[in-house]
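Asks: Could you build all of it, start to finish, from the sequences and the hints given here?
So in the UniProt record's numbering, spot 1 of the sequence shown is number 1, and the numbers just go up one at a time.
Because the hints were derived from the structure by calculation, they are not lab data. Just so it is clear, CB atoms sit at the ideal spot from N, CA and C, and this is done for glycine as well. Be aware that one or more of the hints could be misleading.
Stated by the list, open to error - Listed below are the simulated DMTMM-like cross-link pairs for lysine to aspartate or glutamate, each with C-alpha atoms no more than 20 Å apart in a straight line:
| # | residue 1 | residue 2 |
| --- | --- | --- |
| 1 | K91 | E38 |
| 2 | K106 | E36 |
| 3 | K105 | D53 |
| 4 | K95 | D53 |
| 5 | K91 | D53 |
Said to hold, decoys possible - Simulated restraints on C-beta separations:
| # | residue 1 | residue 2 | range |
| --- | --- | --- | --- |
| 6 | K70 | V103 | 20 to 26 Å |
| 7 | V103 | V58 | 18 to 24 Å |
| 8 | K95 | E36 | 15 to 21 Å |
| 9 | Q62 | R101 | 21 to 27 Å |
| 10 | K70 | P94 | 27 to 33 Å |
| 11 | S34 | T65 | 32 to 38 Å |
| 12 | A68 | E38 | 31 to 37 Å |
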Amino acid sequence: MASSDSKKGGTNPYVMSAIGLGIQYGVLMSYSRSHESETDLIGLDLMARAGFDPRQAVPLWQNMTKLAGKTPPEFLSTHPSPKTRIQDLQKAIPKVMPLYRAVRKKPRC
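Replies: In structure tokens, the structure reads:
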């Protein structure tokens, strides 16, 4: 019946479901992951400005990874994988270390 509806100009519900899933997994989830990644970097910057050692973000995520156990593939998640988060933080740490060094003797927290 669905195929006869399609021939009459109707929309096949299976096709619409597939399109909806494609949008959710292909667009919306990656959009959420990019927001989460941006938030991680903002948090790293705020840590440094407050006088907390931003290098400690990496062991934090390593510990969280161990405690979390198995996680879904990144493309099925609204959050970056712990591995991706750790790599991104490691890349960003050199950029925020000058901020940390400037305030570490007088933390603002």
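Asks: So, for every hint listed, does it hold in this structure?
Replies: Hint-by-hint comparison with the structure:
Our distance criterion of 20 Å between C-alpha atoms is met by K91 and E38, whose separation comes to about 13 Å. For the given pair, K106 sits about 29 Å from E36 by alpha-carbon distance, which is inconsistent with the 20 Å threshold. Using a Cα cut-off of 20 Å, the hinted pair K105 and D53 holds, with the two alpha carbons roughly 11 Å apart. Note on K95 and D53: the hinted pairing holds, with a Cα-Cα distance of about 13 Å set against a maximum of 20 Å.
At roughly 15 Å between alpha-carbon atoms, K91 and D53 fall within 20 Å of each other, so this suggested pair holds. Separation of K70 from V103 is about 39 Å and departs from the stated range, judged on CB atoms against 20 to 26 Å. Checked against the given bound of 18 to 24 Å, the beta carbons of V103 and V58, roughly 20 Å apart, stay inside it. Between K95 and E36, the C-beta spacing of about 19 Å keeps the proposed range 15 to 21 Å intact.
In this structure the hint that Q62 and R101 lie 21 to 27 Å apart at CB holds, the actual value being about 23 Å. In this structure the hint that K70 and P94 lie 27 to 33 Å apart at CB holds, the actual value being about 31 Å. In this structure the supplied range 32 to 38 Å is violated for S34 paired with T65, their Cβ-Cβ distance being about 20 Å. The given range of 31 to 37 Å is broken by A68 and E38, whose C-beta atoms sit roughly 21 Å from each other.
In this structure, the hints that do not hold are numbers 2, 6, 11 and 12, in rising order.
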